[in-house]
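Student: From these two lone chains plus the hints, build me the complex, please.
Line by line, the protein sequences give chains A and B. Just so you know, the numbering used here puts 99 at position 99 of the first sequence, and the rest follows in order with no gaps. Just so you know, the numbering used here puts 628 at position 334 of the second sequence, and the rest follows in order with no gaps.
None of these hints come from the bench; they were simulated from the model. Among the hints, erroneous ones may be present.
Restricting the straight-line Cα-Cα distance to at most 27 Å, the calculated cross-link-like pairs of lysine-lysine (DSS-like) are [unchecked claim]: (1) B/LYS397 - A/LYS50; (2) A/LYS44 - B/LYS724; (3) B/LYS428 - B/LYS459; (4) B/LYS407 - A/LYS44; (5) A/LYS42 - B/LYS397; (6) B/LYS383 - A/LYS42; (7) B/LYS397 - A/LYS44; (8) A/LYS44 - B/LYS428.
The model shown is predicted, which means the values in this text are computed figures rather than measured ones.
Each chain is listed here by its residues.
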Amino acid sequence: MKKLFKNPLRRWSWLFLLPVTAAFAIGFVWPFFQGIWLSLCKFKLIRDAKFIGFGNYASAFADESFRHAFWYTALFAVVSLVLINVLAFTVAYLLTQGIRGSNLFRTVFFMPNLIGGIVLGYIWSMIFDGILSRFGTSILMETKYGFWGLIILMLWQQIGYMMIIYIAGLQAVPEDMLEAAKIDGANRRQTLFRVIIPNVMPSITICTFLSLTNGFKLFDQNLALTAGQPFTILANGETVKTTEMLALNIYNTFYGQSSASQGVAQAKAVIFFVLVAGLGLLQLAYTRKKEVQQ
Amino acid sequence: MKMRKIVALTLVLVMVLALCACGDKATPAEGGKEETGSVYWLNFKPESDEVLHEIAKTYTEKTGVEVQVVTAASGTYSTTLNAEMEKTKMPTLFVIGNQAGVKEWSDYALDLKGTAIADELNTDAYNLYDENGKLVSIGYCYECYGIIVNRDLIEQAGHTMDEIKNFEGLKTVAEDIHARANDLGFDAFTSNDMDASSSWRYTGHMINLEYVYEEREAGKVWTECPATLTGNYMDNFRNLYDLAVNNSTVERTALATGGHDAENEFKTGKAAFFVNGSWEYAAVSADVPNSTMIPYYCGVEGEEKAGLNCGTENCWAVNAKASEADQKATIDFMVWMVTDPEASRKLVDSFGVMPYKHAAESTNAYLAAANAYSDDGCYVMDWATNYQPNVDDYRAAAVSALNAYNAAPSDETWATVKTAFIEGWATQYKKAAN
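Pulled out of the complex, with its shape left as it was, chain B reads as follows (with noise of 0.2 Å):
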């Protein structure tokens, strides 16, 4: 009998405990949010990840204002977002950067105009504004993409780069280095898996010359998101998919499932071309210090004149939602952020490149290829890409499409893929839409 009043008494305790235990937390996290305001950063991309959280880290000791930095794992930024912002204590800056996004997120973003951030600002080309005219966020760095390409390698293959001025020279290259690859002892592409961690390569940005092609076609740069795609430029776009996963070091029917590491393998010098993007410079340069990018040259008339796809989706915006005092916070942090030389310079290593004032000087080769091609009378690639009508299912069928393309390469399997491309984008678009 003793026994169980023990028992019971324990228990008694030991549920008032717990109940004590959970209040306590509470308690401070929120009472010394209201006083002086934090700043909790949504971040968008992975690699960036290490950075952010040591300028977070530095902030937090010169200042005092507590900075939180949450990156979202690759591919599910949407999804985090989503039930980040449900939170009680929500993300004060996060990132809307595509015009889908800004069509979402528009009512939980705070008018930038005339603020100390947008004051920064040295172009207005990265904003992206809603239908009235608000603006909703503002590009932090801009970014290019196309392929990398280890010159080095290119030399030792007995090639030069003036070779590569179209896509005659990049697939005579190309072929013939993955021709000679066990006497080379390297390959022409990297890996070019089909898995949510690589695929956005080719859904995402590669597609992006059918889009521009089509859009120099009509004469105009899309505004918004047209409706429906012509189509006219995917056999353009099969030219250099096939290009790609034909000469690299993995086999194509061995790409839907992934495993593979790219960014590795052009590391370690096991192949020469990477499609990639400049965010990839920082991870490669140390290894591969004689690298630049080239376009996507996909044998289109005239694309001797082509140049790197140059735009963002890493734009800037302020909860509308939070307090004033977090608001307030999250806007001095950005101020600091791409005015201080020590953070600015830390931020642009990774970033590649701040349109702001006061920011440190880009390092980054790939986008001073990109400048140089402007420079040489080359058009840009704008990111039409950004205007994919409900993105995430969108790409979702075109890399069905294209594994069932890579496991048996045909007319009639490509014609599933330009339907996933193209029709797709007219279902996507009406489904949004609704």
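Chain A on its own, in the form it takes in the complex (with noise of 0.2 Å):
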């Protein structure tokens, strides 16, 4: 009988993944590989594409607005990384430590995670500019206001997502080992940096992979809340959006433009790819290194 079944599961296998084979190749293998061309042309529809060299890519790397929005993009994934691991690992330990209503706190701190970034753009504007308002000023008149916004936005939303996967971490600590760190006497700080730590690095392995590639990569929160509001308007007409991301840039290249644009925006394109790539395997690579095995 187990012969019978499993081998015709076997001969049949290939038609079990087809299709989630043919959904990644339809939905990321082709269109990556049709940005990547579309990056060397020049069009205005793809089905017109002109074939034109890396033109694209010296344009891209001479915009200013580019290099503007990529350290800009920088300091918001570092100090939004930090933050965001700091506080949902606190909120997480403190939720493991069998307080009361324990299950609802997470549940609370979690359905921020399950409405939409636009939503929460508009939103979050609304509640800022409701309080600066009374002073006179709203959240697109200073880059200051644009930036902690956003921070402030990516916190609540991202919190209780990292919370989850903390706890689940914090949970998976062998009871055993705790248990010998107390009766060698570890205070409660060597505990937590010497034993829990150590145990739960490929939780923070993930958050901090996660959350390094969703502030480099944020946009719908980005258009919604300033939209790169306010602009610093050069002498010479040129301006630069000081709250503009990456992710905004590229879009505001390919549809703000003339059509000569949106190769450039294609190419700023696979360079960000390349960037958040890059970035998040050297990072993985690095916390990797830090987990213990058990």
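Tutor: See the structure below:
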């Protein structure tokens, strides 16, 4: 019986893999290679693309606003990475201490993550403006408001998600290890830093990876909260959108300007991919080293 | 073991069904399209969306030709057009409204010269040609903008329309109403939000006065986008802009994020002046029957002879890459819209006026006002604004500068506004030329 069932399943395994493989190929592999091809072209519509070589990359690197967006995004990613993970870990740690109503808290903290980015952006812009309008200003007026506004928004959205991952990690710390630490006379602080944190390194790896790449890829919240405002208008009429992040810069390049810039936007997108993938892998390699084998 | 077998079989079944479902949907749609031709109209005027759907439905009922109307959300037309043109089922009828659009989309537009719809036109004034003389798009309605005025409220405040013949007059009336707003129960200007749904009223329309007076100073109307501007009339723009934001229902510091409903304020009699255009007539005429439109008075010498800003961004283009059957169906549909008494009545009520021989007469009081000004020998302010280079980026920078100005009005912050409009023009012109 077992043999009869197993063999047909093996023979037909490709059929079961087909939907996922097809979806992956259609949804990722094909657009990815087409994107690389288009970054070497000048085009208005994709089907009329004309090959022009590496000119788009030269324009992308020469673009002041792209460089600004890169540094702004990097700053945002680092600040949000640190804050999200520290706060998420703290909340997770507190909620695994057996406080009453832990499950309710977990649910409530996780819920913001279920709201879409655009909606969040508009809701928070109303909240911030509700406060800032009392001081006769708005989130669109100052770069620092835009920056910290976006940080607060992202913390609110992401902490709950990362918290769940940390809780899973914390619950997997072996009880006997904690007991052994207690018997050896370790205090709470020592237990936390010497026993618990090394043991949740896999969770830290995944959470830092997620928050780093999320920070770099951020788009919807950026668009809905400030859309790059306020701008600095240089004397020559050039504008730098001071709160514009990389993904939004690419989008604005693609749609905001004339058709010549669509290839440039595509080139920026390829650079963006290499950057995010490279950083993500570096970070993974680094935190993996810190993980302990149980 | 039996359980696993059942699960495996169910999975196979689900997958096969899913694949079938995918296949089923695609076939009939494509099959039907080839034979009779159908119309897909990418509409650019959100305020007309409802009417266009009605029109499309009526046409389909009468002729059996499928007409699909999709309306791009306010301010996203060019993005939507780009995305829709990528699809297999692309728009057969779309809008190329200005020279920048002609430059970008000319290759995708059918030469309309000599077509049945071009023969129906009663004027060539609103048509757009490319550099080779191809008729890229034809006007389907024209519009005017300026300042909409509720006459009844002006009279309630103890003034008359005759007082408003130039900027001084407008300023006196507006400031007086604003000062007594609490007693009167209404204010001078409706809110002047600077968010995406409303900022075009200033960065797209009111700024037109600056361009037009530059044209008049130079003694010629632009026929292509100028590389630079002089900015000589920015102070006049500032006069009118300040007047509107300082004497309105909403404080100028609260304009950046928007969220106020200017149209509703005007409809409910909360304010007497409303910076907008003729397309608003359909929306406000029922609630404010006694309204008219006045020019942008801004303190330029001789502006007593100014008229309204007349022009259009509403020009139909037919997709050159669509199948011949679809092109024919589209042109038939266009001709029907401008000749059928009922259909053109509905469209004219929504659009204002249609420049076609057999279309219904306009009932729009603001367009009538535009004609009255012309008849009085006033000069028409043409839509020089249509030449704004890289229009989205250009306007976005202006909005940001105006926000900073509204937060702290001073000559210094105004200098940035001027940079955004004037130097920004030259910068975007260079970028667009690449």
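Student: Each hint needs a verdict: does it hold in this structure or not?
Tutor: Hints, one by one, checked against the model:
1. B/LYS397 - A/LYS50: Given pair B/LYS397, A/LYS50 holds - Cα atoms ~17 Å apart, limit 27 Å.
2. A/LYS44 - B/LYS724: 19 Å, holds
3. B/LYS428 - B/LYS459: 42 Å, violated
4. B/LYS407 - A/LYS44: 25 Å, holds
5. A/LYS42 - B/LYS397: Status holds; Cα separation ~15 Å.
6. B/LYS383 - A/LYS42: Holds - the C-alpha atoms of A/LYS42 and B/LYS383 are around 23 Å apart, at most 27 Å.
7. B/LYS397 - A/LYS44: Given that 27 Å is the threshold and the Cα spacing comes to 11 Å, the pair holds.
8. A/LYS44 - B/LYS428: 20 Å, holds
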